[in-house]
Every structure is written in C-alpha cells, then in structure tokens.
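Visitor: Going by our numbering, the first residue of the sequence shown is number 2, and it counts up by one from there.
In short, the hints are calculated from the structure, not lab data. A few of these clues could be false.
Claimed, not checked - Simulated restraints, written as ranges between beta carbons of each label pair: (1) THR163 - SER128: 17 to 23 Å; (2) ASP178 - GLU223: 33 to 39 Å; (3) TYR58 - ASN81: 31 to 37 Å; (4) PHE86 - ILE56: 41 to 47 Å; (5) ASN81 - GLN142: 30 to 36 Å.
Said to hold, decoys possible - With a straight-line cut-off of 30 Å between C-alpha atoms, the simulated DSS-like cross-links for lysine-lysine are: (6) LYS82 - LYS70; (7) LYS77 - LYS64; (8) LYS82 - LYS64; (9) LYS166 - LYS139.
Beta carbons are placed, not taken as given, at the ideal position from N, Cα and C, and that holds for glycine.
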Amino acid sequence: MRLFQKKRLFILLIGIIILVVLIGYSLQDRDEETTAEQFIKDTVGWAQNLIHTPIDYVTGVFKNIDDIKNTYEENKILRNKIAEFKSLQYEVQELKEDNAELRETLDKTDSIREYNPIQATVISRSSEQWIEQVTINKGTQDGIEENMAVMTAEGMVGKVETPSKFTSTVKLLTGFDQFNRISATISREDDDDIFGMIEGYDEESDHLLFRIIEESDKDLEEGELVVSSGMGGVFPAGLQIGEVKEVKPDQYGLTRTAFVEPLVDMYDINNVIVVEREQDENDSDENREDESS
2 MRLFQKKRLF
12 ILLIGIIILV
22 VLIGYSLQDR
32 DEETTAEQFI
42 KDTVGWAQNL
52 IHTPIDYVTG
62 VFKNIDDIKN
72 TYEENKILRN
82 KIAEFKSLQY
92 EVQELKEDNA
102 ELRETLDKTD
112 SIREYNPIQA
122 TVISRSSEQW
132 IEQVTINKGT
142 QDGIEENMAV
152 MTAEGMVGKV
162 ETPSKFTSTV
172 KLLTGFDQFN
182 RISATISRED
192 DDDIFGMIEG
202 YDEESDHLLF
212 RIIEESDKDL
222 EEGELVVSSG
232 MGGVFPAGLQ
242 IGEVKEVKPD
252 QYGLTRTAFV
262 EPLVDMYDIN
272 NVIVVEREQD
282 ENDSDENRED
292 ESS
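Just need the whole structure built from these sequences, with the hints factored in.
Guide: So this is what it looks like as structure tokens:
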C-alpha cells in the first residue's frame, strides 16, 4: 500500500515538474509557436468563432428589431407633431382672418353710428336654404326688429326677416324676390343719379336684378356702384350693395335691368352688423311697405 502511494506521489511530482517546465518554456520569447500551441489556439479560436457567430447574429436581429421599433415610434411622434403644427397653422390663419374681419366690422360700426349699429355673429345656416337665409345670435332683447338692414364691412347682405328674443333669421339678398325689394341708386356727379329697385336674384347668372325706374342721359357702365337710396323709409341710405356687371333692356325696350354682383360673398358670412335708420315720425307706413313687402 505504501509503495502504491509513493508511486502516485512520484508521478504527481513528475507531472508538476513537467507542467512547470512547459509553463516556463511557453513564457519564453520565441519567434514561432509550437505545433501543439498553434493547434490549441486554432481550436480555441474556431470554437469561440463557432459560438459567437450565431450569438452575434441573434443579438443583431434583436437590435435591428429594437431600432425599427424605435424608428416607428419616432415616426409616429413626428407625424403627430406635424399634424399638431398644421392644425396650429390653420387655427392661427383662422384667427388672423377672424381678427381682420372683426377689425373691419368695428371700423364699419364706428362709421355708421347714425344708423344704430348692432354687431352680431352668424350661428347657423340651413343646408336647404344656404343661399337664402342665415341665423344670427341677436334678437329682440338686443333691439333687433323686423326689416332691419344687415350688412358686413364690405356691404349689405340682407334684412332681418323673423326676429325672436335671442336670435333672428336674416333673409339674404340672394333670397330676395319681387315681394322683397330695396330702393337703390347709382350715384353720379351733377345730380345725374339713376334710381331703381333691387327686385330679386338671378340664380343662373348669380347676380341681383336692379330694375331701372328713372332713365339717365348716360348709359350704365360696368363696375358702377349700386347703393341703397333710403327712399323707402326702411333701409338707411348709402349702404353698398354691389357693382353693375351687365345691362339688358326688356323685350319691348321700355325698361332696363342691370345685373349687379353683390360686394359680399354670400357663401362666407360670419360677422354682421344690423342697422336701423333713425326714423322720422312723419315717415309713412306706405313707404315702409314698398321697401319691405
């Protein structure tokens, strides 16, 4: 038994000595490695490459997935930012337009103080009567009465048709007919004015019909301004209505009708002014009926 133990100890010592010798030999500065060292290094390198290649591939795949996910999220955020920016641009543009329109309305209000102006806003518009009437947010409690003239900063748009306590229905000029007329005139120098009546709206040409009731030595010219005359006793004088675009005689050549383009875009009305001329107690009801009937 002791002999066997001594042999084991001897073999262990020999192995340690050989190992120390090999370690010492490997630590020496040499230009070339042994075949065994090269084999071991190549084997270890090949094994490392074999293990790392799939690991690197899988890691790269997951990294690409994360990059795609991050790119998608960033794209989504950028799209939302662009949408918000466009929305803000639209709101700013709308506010600018509303501000400009309100300024013009206020300026116009200051210039027609003698007409008792009441500022109002269009709150609804029927799709069935889009071109004929609108509803405003002022009513009888604000001093609104039937047949009051309604205008914008650009010109006249119509008259109050049905006032209620808090709102009022406005009949637009494009909804006027022979039963809803306006005394109007074309002002000229040397008292050579031309008088007539706005008697309706021609849907085909999209123009108001101005029937001339007083002849003039001069022919009407395109671009001449038609304004309310105030002769009916209801609408104030001088409210701009539109510009002459064409004049046509009737089939007998006895009267002439001017086609007048409204100064206001009837499809885009937001802020309006309701005006009433201060009436004289001597104004007759007959004149009132002529203009508003």
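Visitor: Could you tell me which of the hints above the structure violates, numbers in ascending order?
Guide: 2 and 5
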